[in-house]
Amino acid sequence: MTETRDITLDVNGKRHALSVEPRKNLADALRDDCGLTGTHVGCEHGVCGACTVLVDGRAVRSCLMFAVQAEGTAIETVEGLASEDGELHPLQQAFWDKHGLQCGFCTPGFLMLAVGALRENPEMTDVEIRELVSSNLCRCTGYQNILTAVRAAADVMRAGTNG
Amino acid sequence: MSAIGRSIRRIEDRALLTGNGRFAADLNREHQLHMRVVRSPVAFGRLVEVDASDAADVPGVEAIWTAADIAELPQIDFRMTKITGMEPYRQWCLAKDYVRYVGEPVAVVFANSPYAAEDAAELVFCDIDEVDAHLEATAEPVAFMPETMPGLLTEPAVLHKSCGDLDAAFAEAAEVVELELKVGRHTGVPLETRGALAVHDAATDTVTMYGAAKVPHYNRGAIAAMLGLAIDRVHLSEGHVGGGFGIRGELYPEDVLTCHAARRLGRPVKWIEDRKEHLMAANHSRDQVYRMRAAIAPDGFLLGLDVTFITDQGAYVRTHGATVSDLSAALLPGPYVIPAYRVAGHIRLTNKTPAGTYRAPGRYESTFARERLMDAIAARVGIDRLEVRRRNLIPESRIPFDRGMDTLGTGVVYDSGRYHDLLARLEAHVGWEELAASIAERRAAGEMVGLGLGYFIEKSGLGPEDMVRMRVAPDGGIRIITGAASVGQGIETAMAQICADSLGVDTARIAIVHGQTSLIEKGMGAFASRVTVMTGSAIKIASEALIEAALDIGAKLFQVDRASVAYKAGEVRVASSDRAMSLAQLASAWAEQGGLAAEGTFRSDHMTYPYGIHLAQVRIDPGTCDVLVERYTVAYDIGRVINPMLVEGQIVGAVAQGLGGALYENFEYDEAGQPLATSFADYLMPTALEVPEVFTLVREDAPSPINPLGVKGAGEGGITAVGAAIASAVDDAAGRPGMVTRLPITPDRLHAWLA
Ligand code: FES
Ligand code: FES
Chain A
379 MTETRDITLD
389 VNGKRHALSV
399 EPRKNLADAL
409 RDDCGLTGTH
419 VGCEHGVCGA
429 CTVLVDGRAV
439 RSCLMFAVQA
449 EGTAIETVEG
459 LASEDGELHP
469 LQQAFWDKHG
479 LQCGFCTPGF
489 LMLAVGALRE
499 NPEMTDVEIR
509 ELVSSNLCRC
519 TGYQNILTAV
529 RAAADVMRAG
539 TNG
Chain B
3 MSAIGRSIRR
13 IEDRALLTGN
23 GRFAADLNRE
33 HQLHMRVVRS
43 PVAFGRLVEV
53 DASDAADVPG
63 VEAIWTAADI
73 AELPQIDFRM
83 TKITGMEPYR
93 QWCLAKDYVR
103 YVGEPVAVVF
113 ANSPYAAEDA
123 AELVFCDIDE
133 VDAHLEATAE
143 PVAFMPETMP
153 GLLTEPAVLH
163 KSCGDLDAAF
173 AEAAEVVELE
183 LKVGRHTGVP
193 LETRGALAVH
203 DAATDTVTMY
213 GAAKVPHYNR
223 GAIAAMLGLA
233 IDRVHLSEGH
243 VGGGFGIRGE
253 LYPEDVLTCH
263 AARRLGRPVK
273 WIEDRKEHLM
283 AANHSRDQVY
293 RMRAAIAPDG
303 FLLGLDVTFI
313 TDQGAYVRTH
323 GATVSDLSAA
333 LLPGPYVIPA
343 YRVAGHIRLT
353 NKTPAGTYRA
363 PGRYESTFAR
373 ERLMDAIAAR
383 VGIDRLEVRR
393 RNLIPESRIP
403 FDRGMDTLGT
413 GVVYDSGRYH
423 DLLARLEAHV
433 GWEELAASIA
443 ERRAAGEMVG
453 LGLGYFIEKS
463 GLGPEDMVRM
473 RVAPDGGIRI
483 ITGAASVGQG
493 IETAMAQICA
503 DSLGVDTARI
513 AIVHGQTSLI
523 EKGMGAFASR
533 VTVMTGSAIK
543 IASEALIEAA
553 LDIGAKLFQV
563 DRASVAYKAG
573 EVRVASSDRA
583 MSLAQLASAW
593 AEQGGLAAEG
603 TFRSDHMTYP
613 YGIHLAQVRI
623 DPGTCDVLVE
633 RYTVAYDIGR
643 VINPMLVEGQ
653 IVGAVAQGLG
663 GALYENFEYD
673 EAGQPLATSF
683 ADYLMPTALE
693 VPEVFTLVRE
703 DAPSPINPLG
713 VKGAGEGGIT
723 AVGAAIASAV
733 DDAAGRPGMV
743 TRLPITPDRL
753 HAWLA
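Chains as they are written, first to last, in our numbering: chain A, 379 to 541; chain B, 3 to 757.
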């Protein structure tokens, strides 16, 4: 068998001890070894963004990063967004309310992309939101409702922090 | 308040939002093997030998198969086609004698991990005597497999349809307009690639394939037949599906191979395709050339139309057979009278990926062709582009309109339509006069801006029938089992709304179970915008039967006669009394006697035809020759709207896909037949920066008279006329009527046209 390495990944605040081949990408490690299949793989070459997760708060395409590189970082995935009691994150709620998903395959990637961006800049303009959303692909929605959902969530989140 | 017509949120969303979806790649079974396909690296050649000796040495490899190892598997059969003579062109599960496209499965490797399977697959060596690739469908047909099937040419079929007296039309014509038009090669490309997990139960010799989509019942029968199993020994189970758009319904070689391997190797077999494979092995679509001759009266009325078109169906004829060509031929005349029409549709094969259907198959292409012709007639006769359409649209007085031809085995009869009315409504909605004036003003100031439109007719609700079963649980929950399938279009919500409406209960109580062949014996799946019409109607019929059953049970329990009980909003009540029982109470009280349940079947011999208009406003950047879509409007009459939010979502998503085919997406090949678009860096799908805001005008002015709900399918009309409308708008922006003759309108093409 090919050589493996023992690593520990911190995902959504939980520690996962894994033994992975050095060439295994983070998306596969999250899905196969941590059992977190909410992170999806749509292209494996860094274009679609379905595999987007947050690594130390920044949006990263997990298909383009090796699992071994993620050791010592804090990883966040879609499974960590809703609170323990099941209350949806404002972005999840907005995607639901605004019909921001159809097949839902791209959704985890868009959610993580937007969570990261809104944390960094809660004051995003519509132009900035469109720019942001253009970094991932969705084949079902035509993006309109994704844009509306991110806008709505941004407003809710800002109101939450200011008030 | 009626549950129909309300924008309620989808019941299917919560799992998808929280990362709890169950897509094919998310499924695993203990001890599973991973399958990897070895694909042909060349476009055309004689397959001499496959050497897997090095690959077999890779640790973790359990088996490697070539065609010789699966000699018992027949070719993959057609699903629905009446055309005969195409059998020799069907694909084998693994290439035999010849390879005919880059990406064709030649061998399969089974290993303990996906990484090992991929490593081993790279070591399988294919010895192929290459032959010159045949890549032009418009060129004379050549030999399909020169040495093994001499004399068999790459033109499996030519379809002919006609109506009216064409010679008389041309004799009477004041003008003859001729056009040649081409639609490029593009396809659905859902964000989830293909995949499957097949599990064999040795005790009962039953194979279950998870991850099936769109037409589980049909594919189950086909797989059982190929594996030589009784139909009840194969089950298909659908989980979440990451988009359909046409490519999913295909029965692919890989589907059959996973099932066969699970049975033969005695372990579960998982197969997940990568994106590169998807772009060269899942069905392509479109790729048609139209040659049209039109006989015109002096006022622009189209007297007769003579059309020859060629469809490049790639390397083999897959399960859809002649479907795309058949639909193109029958629906090309669209919403116009056209008293005489003759069409010949050539199905041709080349050394490219096999092609099948893509959302609005045959209509996207033929609408582009027909609407280009309408613009050309307007230019020739010197009338406005709206006026030429007004003069040719079928008047309300002639509805229902029988085209005198058939498609997919049913006569083309437009069931309802108010075509002039919708055009007038769209003009009012967008303020056509002012809009045109503002565009003229900008053009005068030097901008290259323009407007374009395309009128279309869609079809939906293909029969023959759909059946559902409905049961009320003692807790009041209502479970509906349907053989329909979901490809992410929100059918659970829409179907629950129809049931809730008929029964007068809350949608939250209703659960829809779909895509499970083990739970219901019949089902047509989801294709051709059929679910709302067929399954929705069956649900309405079942709901009505359930009310009757509730009344029967209620009368017995209250010991009154049947005429003195009435049903309302989830309750059976005895007339002029306060005695009442809820559905839940009836179901529990009657549990011993079989409970409260009903069945509904809806049959239909005819399709129903929604229709609409696309209006595009574009600007050409003279520096880069990019086309920027500034604004897009779709007017669409779908008879009756179940959930406006879902309908709008379907329209907007489909427009985005249509823009991809009109402006960006194209499967290019080099002269050796190597595909050049095998990643998302080369196959360019629209992002949020390319898709403009889409406005919708959804109407219910022409309900369908041929189903109990009045509905028509809404899933495809958002894409149908995009190519047509964008081409018309680009012509207008360039001030050159008739300039755009092919799609996609890429910057280099536009640059050449403008030069
Ligand atoms: S899967 Fe990572 S970007 Fe597409
Ligand atoms: S919802 Fe299907 S890809 Fe975005």
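One should not assume that every hint holds.
Across the chosen pairs, the derived CB separations fall in these ranges [said to hold, decoys possible]:
#, chain 1, residue 1, chain 2, residue 2, range
1, A, Q447, B, F697, 43 to 49 Å
2, A, G538, B, G625, 55 to 61 Å
3, A, E509, B, A426, 36 to 42 Å
If the Cβ cut is set under 7 Å, some of the chain B residues that face chain A in the computed set are [said to hold, decoys possible]:
#, residue
4, G23
5, G651
6, Y671
7, A674
8, L678
9, L686
10, M687
11, V693
12, V700
Since the hints were derived computationally from the structure, they do not count as laboratory data. Owing to the predicted nature of the structure, the values given are computational and were not obtained by experimental measurement. Cβ atoms here follow ideal geometry from the backbone N, Cα and C, with glycine treated the same way.
### Query
Going by Cβ atoms only, is V693(B) closer than 7 Å to chain A?
5 Å, holds
### Query
Per the CB criterion, is A674(B) less than 7 Å away from chain A?
23 Å, violated
### Query
Is the interface hint for Y671(B) satisfied, with its Cβ closer than 7 Å to some Cβ of chain A?
20 Å, violated
### Task
With a cut-off of 7 Å on the beta carbons, see whether V700(B) makes it to chain A.
Since chain A brings no Cβ nearer than about 14 Å to V700(B), farther than 7 Å, the hint is violated.
### Message
The hint names M687(B) as touching chain A; please verify it with the least Cβ-Cβ distance against 7 Å.
### Response
This hint holds: M687(B) lies near chain A, its Cβ roughly 6 Å from the closest one there, short of 7 Å.
### Task
Answer holds if the nearest beta-carbon of chain A is closer than 7 Å to that of L678(B); otherwise answer violated.
15 Å, violated
#### Entry: Supplied distance hint 55 to 61 Å, evaluated on CB atoms of G538(A) and G625(B)
At roughly 44 Å between Cβ atoms, G625(B) and G538(A) fall outside 55 to 61 Å, so the hint is violated.
### Message
Just to be careful: measuring from the Cβ of G651(B) to every Cβ in chain A, is the smallest value less than 7 Å?
### Response
The hint holds - G651(B) has a Cβ within 7 Å of chain A, the shortest such distance being about 5 Å.
### Status of the given 43 to 49 Å range, CB of F697(B) versus CB of Q447(A)
46 Å, holds
### Status of the given 36 to 42 Å range, CB of A426(B) versus CB of E509(A)
39 Å, holds
### Message
Interface hint check: L686(B), Cβ to nearest Cβ on chain A, cutoff 7 Å. Holds or violated?
### Response
10 Å, violated
### Message
Interface hint check: G23(B), Cβ to nearest Cβ on chain A, cutoff 7 Å. Holds or violated?
### Response
6 Å, holds
The structure fails hints 2, 6, 7, 8, 9, 12 (numbered hints given earlier, in ascending order).
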